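Engineer: The chain contents come next:
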Amino acid sequence: MSLIPFRTKRSTGMEPSSLATMGDFRNEMNRLLEGFLNRPLTGPSWFEAGEPGQWMPAIDLSESGTEIHVRAELPGIDPKDVDVSVSEDRLVISGEKKSATEKTTDGWKHRESHYGSFSRAIPLPEAVDPAKVTARYDKGVLTVELKKSPTSTSRKVPVLTS
Amino acid sequence: MVSTFHPAAQSSATPQPDRSIEPSPPTAAAPCLVYQPNVDVCDCGAEVMLVADMPGAKADSMSVSFEDGVLAVFAQVPQRPLQGRQIGQEYGIGDYRRSFRLGEGFDASQISAEYRRGVLTIHVPRLAAVRPRKIEVRSA
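Chain order of the listed sequences is A and B. Just so we're aligned, residue 1 is where the first sequence starts under my numbering, counting upward by one. Just so we're aligned, residue 1 is where the second sequence starts under my numbering, counting upward by one.
Rather than coming from a laboratory, the hints here were simulated on the basis of the structure. None of the values given here were measured: they were computed from a predicted structure. There could be a bad hint or two in this list.
Unchecked claim - Lysine-lysine pairs mimicking DSS-like chemistry, simulated, CA-CA at most 27 Å apart:
| id | chain 1 | residue 1 | chain 2 | residue 2 |
| --- | --- | --- | --- | --- |
| 1 | A | Lys98 | A | Lys109 |
| 2 | A | Lys98 | A | Lys139 |
| 3 | A | Lys98 | A | Lys80 |
| 4 | A | Lys139 | B | Lys134 |
| 5 | B | Lys134 | A | Lys80 |
| 6 | A | Lys147 | A | Lys80 |
| 7 | A | Lys109 | A | Lys132 |
| 8 | B | Lys134 | A | Lys109 |
| 9 | B | Lys58 | A | Lys98 |
As the list claims (entries may be wrong) - Over 10 Å on every C-beta distance to chain A, these chain B residues come out as not near it, computed from the model:
| id | residue |
| --- | --- |
| 10 | Asp40 |
| 11 | Val51 |
| 12 | Met54 |
| 13 | Pro55 |
| 14 | Val64 |
| 15 | Phe74 |
| 16 | Asp95 |
| 17 | Ser112 |
| 18 | Leu127 |
| 19 | Glu136 |
| 20 | Ser139 |
| 21 | Ala140 |
Idealized CB from N, CA, C, for every residue including glycine.
Looking at chain A on its own, in the form it has when it is part of the complex (with noise of 0.2 Å):
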């Protein structure tokens, strides 16, 4: 008779079941993570919450000369249920993504994508003029572009010397 007891297979949690939950949390981490390596260090604070138990979609921004130009991903969603507003300085994208599937409510084993209502708002790094703004929807995926207000394209300032 041993002292040590063995290790039944069923103790090593190398069940299937546990291996598929360690899958999870590892692509759980993975997301994390690199939700966490893609958000800007620097910079102003564009990146704002919504309301708690809301999903937010991943946004990109950039700038160019006279333009800002912001994309959101959105996949799954009916373009009429995207709201887009803009301030002069600001754009918020909220909207609500319903499953396509809502009737087939049982036999789920598997679920990583959201749904439900979102709201984002997107401090702009310049004041923009909000009669120009175009947005457009694609493949899943939200473009908006904005073009910058007159008032508030930078200047070049030459330097004068004595």
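Based on the hints, put chain B in the right spot on chain A.
Structural biologist: Just chain B now, with coordinates in the frame of chain A:
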């Protein structure tokens, strides 16, 4: 980093993500990243349905294959033109690749897939012989 363990037993009908996928080798022309799309999996009895978020993918570049019980999905995402100065970037642009070990008992010839609004929905029907059947109980 590629892990090679397989969570699902070969005989298991429950779909599990296949962890043995390898990122596609970068091409000489444009080395690109490969992402795993977020996927919902539904075991709907007569079929298994997979709903994959793949925003920005080129519809004509998509491929769905089913071999040895493994369903593999791949899609290219065109590189976006850089417009001026990047201020913030929360998502990278790269191709989508993921595979799932579904096991046996599926009718590969009847697999269908549609891409709409950045979401790829794949229907994998079970063979009629292995579909769950409701048996009527008759009273005497």
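Engineer: For every hint, state whether the structure bears it out.
Structural biologist: Right, here's what the structure says about each hint:
For the proposed pair Lys98 of chain A and Lys109 of chain A, the alpha carbon gap of about 19 Å is at most 27 Å, so the pair holds. About 16 Å separates the Cα atoms of Lys98 of chain A and Lys139 of chain A, which keeps this hinted pair within 27 Å; it holds. Between Lys98 of chain A and Lys80 of chain A the alpha-carbon distance is near 12 Å, which keeps this suggested pair within the 27 Å criterion. Distance restraint check for Lys139 of chain A and Lys134 of chain B: the Cα-Cα separation of roughly 40 Å exceeds the 27 Å cut-off, and the hinted pair is therefore not satisfied.
With a C-alpha separation of about 40 Å, the suggested pairing of Lys134 of chain B with Lys80 of chain A is violated against the 27 Å cut-off. Straight-line distance between C-alpha atoms of Lys147 of chain A and Lys80 of chain A comes to about 23 Å, which keeps the hinted pair within the 27 Å bound. Among the hinted pairs, Lys109 of chain A with Lys132 of chain A is inconsistent with the structure: their alpha-carbon atoms are about 45 Å apart, more than 27 Å. For the suggested pair Lys134 of chain B and Lys109 of chain A, the alpha carbons sit about 21 Å apart, so the restraint of at most 27 Å is met.
At roughly 23 Å between alpha-carbon atoms, Lys58 of chain B and Lys98 of chain A fall within 27 Å of each other, so this suggested pair holds. With a cut of 10 Å on Cβ distances, Asp40 of chain B falls inside the contact zone with chain A, its closest approach being about 5 Å. For Val51 of chain B, the condition that its CB be more than 10 Å from all CB atoms of chain A is violated, with the nearest at approximately 7 Å. Listed as outside the interface, Met54 of chain B is inconsistent with that label: its C-beta sits roughly 7 Å from the nearest C-beta of chain A, within the 10 Å cut-off.
At roughly 3 Å from the closest C-beta of chain A, the C-beta of Pro55 of chain B falls inside 10 Å, breaking its exclusion from the interface. Every CB of chain A lies more than 10 Å from the CB of Val64 of chain B, the least distance being 17 Å, so the non-interface label holds. The beta carbon of Phe74 of chain B sits about 16 Å from the closest Cβ of chain A, which is more than 10 Å, so the claim that it is off the interface holds. Non-interface status of Asp95 of chain B relative to chain A is upheld: no Cβ of that chain comes within 10 Å, the nearest being about 14 Å off.
At the 10 Å boundary, the C-beta of Ser112 of chain B stays outside the reach of chain A, the nearest C-beta of that chain being 15 Å off. Listed as a non-interface residue, Leu127 of chain B keeps its Cβ farther than 10 Å from every Cβ of chain A; the least gap is roughly 18 Å. The Cβ of Glu136 of chain B lies farther than 10 Å from every Cβ of chain A, with a closest approach of about 21 Å, so its non-interface assignment holds. With a least CB separation of 27 Å from chain A, Ser139 of chain B remains clear of the 10 Å interface cut-off, as annotated.
Non-interface status of Ala140 of chain B relative to chain A is upheld: no Cβ of that chain comes within 10 Å, the nearest being about 32 Å off.
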